[in-house]
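K.L.:
Now for the letters of each chain:
Protein chains: 6
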Amino acid sequence: MARVRVTRRVHFSAAHRLGREDWSQERNLRTFGECARTNWHGHNYELDVTVAGSVDPDLGFVMDLKDLKQLAEERVAAELDHRNLNVDVPWLGDLNPTTENLVVAIWRRLAGALPDGVTLERLVLWETPRNYVEFTGEGLE
Amino acid sequence: MARVRVTRRVHFSAAHRLGREDWSQERNLRTFGECARTNWHGHNYELDVTVAGSVDPDLGFVMDLKDLKQLAEERVAAELDHRNLNVDVPWLGDLNPTTENLVVAIWRRLAGALPDGVTLERLVLWETPRNYVEFTGEGLE
Amino acid sequence: MARVRVTRRVHFSAAHRLGREDWSQERNLRTFGECARTNWHGHNYELDVTVAGSVDPDLGFVMDLKDLKQLAEERVAAELDHRNLNVDVPWLGDLNPTTENLVVAIWRRLAGALPDGVTLERLVLWETPRNYVEFTGEGLE
Amino acid sequence: MARVRVTRRVHFSAAHRLGREDWSQERNLRTFGECARTNWHGHNYELDVTVAGSVDPDLGFVMDLKDLKQLAEERVAAELDHRNLNVDVPWLGDLNPTTENLVVAIWRRLAGALPDGVTLERLVLWETPRNYVEFTGEGLE
Amino acid sequence: MARVRVTRRVHFSAAHRLGREDWSQERNLRTFGECARTNWHGHNYELDVTVAGSVDPDLGFVMDLKDLKQLAEERVAAELDHRNLNVDVPWLGDLNPTTENLVVAIWRRLAGALPDGVTLERLVLWETPRNYVEFTGEGLE
Amino acid sequence: MARVRVTRRVHFSAAHRLGREDWSQERNLRTFGECARTNWHGHNYELDVTVAGSVDPDLGFVMDLKDLKQLAEERVAAELDHRNLNVDVPWLGDLNPTTENLVVAIWRRLAGALPDGVTLERLVLWETPRNYVEFTGEGLE
Chain Z
11 MARVRVTRRV HFSAAHRLGR EDWSQERNLR TFGECARTNW HGHNYELDVT VAGSVDPDLG
71 FVMDLKDLKQ LAEERVAAEL DHRNLNVDVP WLGDLNPTTE NLVVAIWRRL AGALPDGVTL
131 ERLVLWETPR NYVEFTGEGL E
Chain X
11 MARVRVTRRV HFSAAHRLGR EDWSQERNLR TFGECARTNW HGHNYELDVT VAGSVDPDLG
71 FVMDLKDLKQ LAEERVAAEL DHRNLNVDVP WLGDLNPTTE NLVVAIWRRL AGALPDGVTL
131 ERLVLWETPR NYVEFTGEGL E
Chain D
11 MARVRVTRRV HFSAAHRLGR EDWSQERNLR TFGECARTNW HGHNYELDVT VAGSVDPDLG
71 FVMDLKDLKQ LAEERVAAEL DHRNLNVDVP WLGDLNPTTE NLVVAIWRRL AGALPDGVTL
131 ERLVLWETPR NYVEFTGEGL E
Chain S
11 MARVRVTRRV HFSAAHRLGR EDWSQERNLR TFGECARTNW HGHNYELDVT VAGSVDPDLG
71 FVMDLKDLKQ LAEERVAAEL DHRNLNVDVP WLGDLNPTTE NLVVAIWRRL AGALPDGVTL
131 ERLVLWETPR NYVEFTGEGL E
Chain E
11 MARVRVTRRV HFSAAHRLGR EDWSQERNLR TFGECARTNW HGHNYELDVT VAGSVDPDLG
71 FVMDLKDLKQ LAEERVAAEL DHRNLNVDVP WLGDLNPTTE NLVVAIWRRL AGALPDGVTL
131 ERLVLWETPR NYVEFTGEGL E
Chain U
11 MARVRVTRRV HFSAAHRLGR EDWSQERNLR TFGECARTNW HGHNYELDVT VAGSVDPDLG
71 FVMDLKDLKQ LAEERVAAEL DHRNLNVDVP WLGDLNPTTE NLVVAIWRRL AGALPDGVTL
131 ERLVLWETPR NYVEFTGEGL E
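Chains as they are written, first to last, in my numbering: chain Z, 11 to 151; chain X, 11 to 151; chain D, 11 to 151; chain S, 11 to 151; chain E, 11 to 151; chain U, 11 to 151.
It is worth saying that the hints were derived from the structure and are not from the lab.
It should be emphasised that the depicted structure is a prediction, and the values quoted were computed from it without experimental measurement.
Errors might be hidden in some of the hints.
Keeping only pairs whose Cα atoms sit at most 20 Å apart, straight-line, the calculated SDA-like set for lysine to any residue is [as the list claims (entries may be wrong)]:
no., chain 1, residue 1, chain 2, residue 2
1, X, K76, U, T138
2, S, K79, E, P139
3, E, K76, D, R47
4, U, K76, Z, D91
5, Z, K76, X, V99
6, X, K79, U, E144
7, U, K76, Z, R140
8, X, K76, U, N141
9, D, K76, S, L124
10, U, K79, Z, R40
11, U, K76, Z, N141
12, S, K76, E, R40
13, Z, K79, D, G147
14, X, K76, X, P139
15, Z, K79, X, P139
16, Z, K79, X, F22
17, Z, K76, X, K76
18, Z, K76, D, E83
19, D, K76, Z, D91
20, X, K76, U, R140
21, U, K79, S, N38
22, D, K76, S, E148
23, X, K76, U, T41
24, X, K79, U, K76
25, E, K76, X, F22
26, U, K79, Z, T41
27, E, K76, D, W136
28, D, K79, S, N141
29, D, K76, S, E89
30, U, K76, Z, E36
31, D, K79, Z, E44
32, E, K79, D, E44
33, U, K79, Z, R140
34, D, K76, S, R37
35, D, K76, S, R140
36, S, K79, E, V134
37, D, K79, X, E144
38, D, K79, S, R140
39, U, K76, S, R40
So here's chain Z without its partners, still in its complex pose (with noise of 0.2 Å):
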């Protein structure tokens, strides 16, 4: 049977800053540069879930676009829109915010809610319009 990607893009809009806890903002500044600014900044995100398997020949679907819609929305989106990434997310925790440990972290929360026989196949997250992330899982213990 035909194996086919299925990508849905969701967005949201967050304020973080770069920088480590447990280091001095001193050398935060110096490793970070300004986007260690105290007073945080913030971006316009789009993330891009795909997920990958067999079409189901009784519907054509990998799986519903509805529901990998929500469940990107809700799991992800939802929890991370109009919030501070540094501050406001449990599950991020302390996590310093850069595009590659954000992408990560996402990964974790989407991977085990797939439907049986979906598999997720990568994540793209654009911080800006000329800068984006991708995860596909490797290297993940």
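Please arrange chains X, D, S, E and U on chain Z, whose structure you already have, making use of the hints.
P.N.:
Below, chains X, D, S, E and U alone, put in the same frame as chain Z:
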């Protein structure tokens, strides 16, 4: 020799609805929701056709982009543009026109039509600016 | 007080065909070409709704963007989304659904529904990413 | 002589929240909803700066686009980028940073800084890809 | 009768450089910077052609969009595409091809070619995704 | 450790034409069509540079995005921007500047310049918004 992927995007505007001929409309509506409404709806589809091959050392081409464009437009876009995907297209038959089923049907339509040494690598079919499917031929008998 | 324009974009996917009920299909095809084909085609429409007004000194709003979004979605997008514009929409009647006719009909649907002191300034209706119409109410009796 | 409008787009990423200093947070939340959350959120803003003037017959320019870019970046984008709009920007003071209030403040910042014979014609400020405000100086005392 | 604006976008890819034939290359470089480099550079231009008129009550059209597209492509895009704007285009003569000068020249080329009752309303010429010029015929003798 | 891909997009505007120095212009025109015209044409190129590596547990970075941007701009974009790709760029030599040949040349220019532990994963080079090439280093001796 370097192996490069080359992509051309083509466009078509079409009507469709989701549903199976052999199911009652009540069952189609229960399964496919608003996408199964009787009187059709439609989309501006974008199709990215990606081929791969060695770069011809004389020409600097994997294949002439004008030929790829012509192939994608003549064999796919012109056949689907300003049509009803459930009714008007002989090579779709009575396929339930989900994006998954469409992208597999388009693959079959293009895979055998490429020049020697050039392979069809990937199709990406956008139904809206926020959802798309990808197919690489995986699982096709 | 500063007068500012505020725009919200909403989306709907719909089927239609061009043609007049009181003309033969032969005449419709001669006049409207492939757009008049019997079995419909469709588009992803984008509608930009622009209102204007003074900035409320207490709130910093011309009007609450959430209210504008709700108005545009409830009175327009939800009524047209996943519908056939020739057949399914009572307030379009048997209008020939050219983008020009649609944008004027949408104007009538929105102009009277705005809060006091806020005026409907402009509608932009995109039928494809390469063509759109604009209407500012000019010439409407 | 022909009068032409010239536009340059600049970008900034910033944090903000909606609310008034002189209102309780409870009242701010009731009025501004999720936009008033205590710990900020943020956006990728795009600002289109449009100037107008006669085309200089010697140069073929209304004004040098590099100068327009520099002006927009130095006086606006660099001052707002990677900042908190409620806290960090002296020329915003304690303004409630709605897009309406922001676009008027940016207008005041740019209007007097243009070369002789060139006028500030229009500002468009995008907060997300689906909503923006426009200001032409109307109503400004 | 309602008066509506209709826009069609066309594309052309061209080479150019800024500079005056009657100035030394040294003076051109001092004035126009990298844009004056001897061996040309180039752009993907997008041109939005906007016409306005009453909506024909029989057809629902201001003018047939296919005719507008054909006009813009034949009289402008096909003449400029894959050309050098300084050298190859008789109706540009030895114009210094700034976007301001180009948009005025394109206006002259299109304004007289429209059907009765339809007026050329606005041209928008994008040189890159971040800068564009607009012309409405203002100041043209 | 999680392995993530990080992408930065950079821009350049350049002139070129397709053709071989050792072929007659007649043969070049027969082979490359309008792309071989004598007086050049040009494009707004977009280049997506994707690197991959483990996420540094101290920093949360695969590599600092500012360094990646600087590398892509200094070694590639600044060298090609506002240039003629056939004539002006020493490291392109007399290469026939098809997008396939360009992307391979850019790969050679970037692959050795990355920090330890970070690999060049993929280049995507857009010549227009509707066609692009991808290269992953495959087949390079």
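K.L.:
Work down the list of hints and note, for each, if the structure agrees.
P.N.:
Going through the hints against the structure:
1. Between the alpha carbons of K76 (chain X) and T138 (chain U) the distance comes to roughly 13 Å, so the proposed pair stays at or under 20 Å and holds.
2. A threshold of 20 Å between alpha carbons decides the hint, and for K79 (chain S) with P139 (chain E) the separation of about 14 Å falls inside it, so the pair holds.
3. Straight-line distance between C-alpha atoms of K76 (chain E) and R47 (chain D) comes to about 16 Å, which keeps the hinted pair within the 20 Å bound.
4. Between the alpha carbons of K76 (chain U) and D91 (chain Z) the distance comes to roughly 26 Å, so the proposed pair goes past 20 Å and is violated.
5. Distance hint between K76 (chain Z) and V99 (chain X) is unfulfilled; the C-alpha atoms sit about 27 Å from each other, more than 20 Å.
6. A C-alpha spacing of about 17 Å is found between K79 (chain X) and E144 (chain U), which places the hinted pair at or below 20 Å, so the restraint holds.
7. For the hint linking K76 (chain U) to R140 (chain Z), the alpha-carbon distance of about 12 Å falls within 20 Å, and the restraint holds.
8. As the CA atoms of K76 (chain X) and N141 (chain U) are separated by approximately 11 Å, the hinted pair is consistent with the 20 Å bound.
9. Only pairs whose Cα atoms come within 20 Å are accepted, and K76 (chain D) paired with L124 (chain S) is rejected, the gap being roughly 35 Å.
10. Our distance criterion of 20 Å between C-alpha atoms is met by K79 (chain U) and R40 (chain Z), whose separation comes to about 18 Å.
11. Proposed proximity of K76 (chain U) and N141 (chain Z) is supported: the alpha carbons are some 11 Å apart, at most 20 Å.
12. For the suggested pair K76 (chain S) and R40 (chain E), the alpha carbons sit about 13 Å apart, so the restraint of at most 20 Å is met.
13. For the suggested pair K79 (chain Z) and G147 (chain D), the alpha carbons sit about 37 Å apart, so the restraint of at most 20 Å is broken.
14. Our distance criterion of 20 Å between C-alpha atoms is broken by K76 (chain X) and P139 (chain X), whose separation comes to about 25 Å.
15. For the proposed pair K79 (chain Z) and P139 (chain X), the alpha carbon gap of about 14 Å is at most 20 Å, so the pair holds.
16. The hinted pair formed by K79 (chain Z) and F22 (chain X) fails the criterion: a straight-line CA distance of about 24 Å is larger than 20 Å.
17. For the hint linking K76 (chain Z) to K76 (chain X), the alpha-carbon distance of about 37 Å lies beyond 20 Å, and the restraint is violated.
18. Restraint check: the Cα-Cα separation between K76 (chain Z) and E83 (chain D) comes to about 18 Å, which is no more than 20 Å; the hinted pair holds.
19. For the hint linking K76 (chain D) to D91 (chain Z), the alpha-carbon distance of about 15 Å falls within 20 Å, and the restraint holds.
20. With a CA separation close to 12 Å, the supplied pair K76 (chain X) and R140 (chain U) stays within the 20 Å bound.
21. Restraint check: the Cα-Cα separation between K79 (chain U) and N38 (chain S) comes to about 40 Å, which exceeds 20 Å; the hinted pair is violated.
22. Between K76 (chain D) and E148 (chain S) the CA atoms are separated by roughly 24 Å; this puts the pair beyond 20 Å, and the hint is violated.
23. A hinted pair counts as satisfied when its Cα atoms are at most 20 Å apart, and K76 (chain X) with T41 (chain U) qualifies at roughly 11 Å.
24. The suggested pairing of K79 (chain X) with K76 (chain U) is violated, with an alpha-carbon distance near 37 Å, which exceeds 20 Å.
25. Pair hint K76 (chain E) plus F22 (chain X) holds up; C-alpha atoms about 16 Å apart against a cutoff of 20 Å.
26. Distance restraint check for K79 (chain U) and T41 (chain Z): the Cα-Cα separation of roughly 16 Å lies within the 20 Å cut-off, and the hinted pair is therefore satisfied.
27. This hinted pair checks out: K76 (chain E) and W136 (chain D) have alpha carbons roughly 16 Å apart, not beyond 20 Å.
28. Simply put, K79 (chain D) and N141 (chain S) have alpha-carbon atoms about 9 Å apart, close enough for the 20 Å limit, and the pair holds.
29. Of the pairs offered as hints, the one joining K76 (chain D) and E89 (chain S) is violated, with about 28 Å between alpha carbons and a cut-off of 20 Å exceeded.
30. Between K76 (chain U) and E36 (chain Z), the direct Cα distance comes to roughly 19 Å. Compliance with the 20 Å bound is thereby established for this hinted pair.
31. Using a Cα cut-off of 20 Å, the hinted pair K79 (chain D) and E44 (chain Z) is violated, with the two alpha carbons roughly 34 Å apart.
32. Taken as a hint, the K79 (chain E) and E44 (chain D) pair is honoured in the structure, with Cα atoms around 15 Å apart against an allowance of 20 Å.
33. Of the pairs offered as hints, the one joining K79 (chain U) and R140 (chain Z) holds, with about 10 Å between alpha carbons and a cut-off of 20 Å not exceeded.
34. Straight-line distance between C-alpha atoms of K76 (chain D) and R37 (chain S) comes to about 17 Å, which keeps the hinted pair within the 20 Å bound.
35. The suggested pairing of K76 (chain D) with R140 (chain S) holds, with an alpha-carbon distance near 12 Å, which does not exceed 20 Å.
36. For the proposed pair K79 (chain S) and V134 (chain E), the alpha carbon gap of about 19 Å is at most 20 Å, so the pair holds.
37. Using a Cα cut-off of 20 Å, the hinted pair K79 (chain D) and E144 (chain X) is violated, with the two alpha carbons roughly 32 Å apart.
38. As the CA atoms of K79 (chain D) and R140 (chain S) are separated by approximately 10 Å, the hinted pair is consistent with the 20 Å bound.
39. With a C-alpha separation of about 40 Å, the suggested pair K76 (chain U) and R40 (chain S) falls outside the 20 Å cut-off, and the hint is violated.
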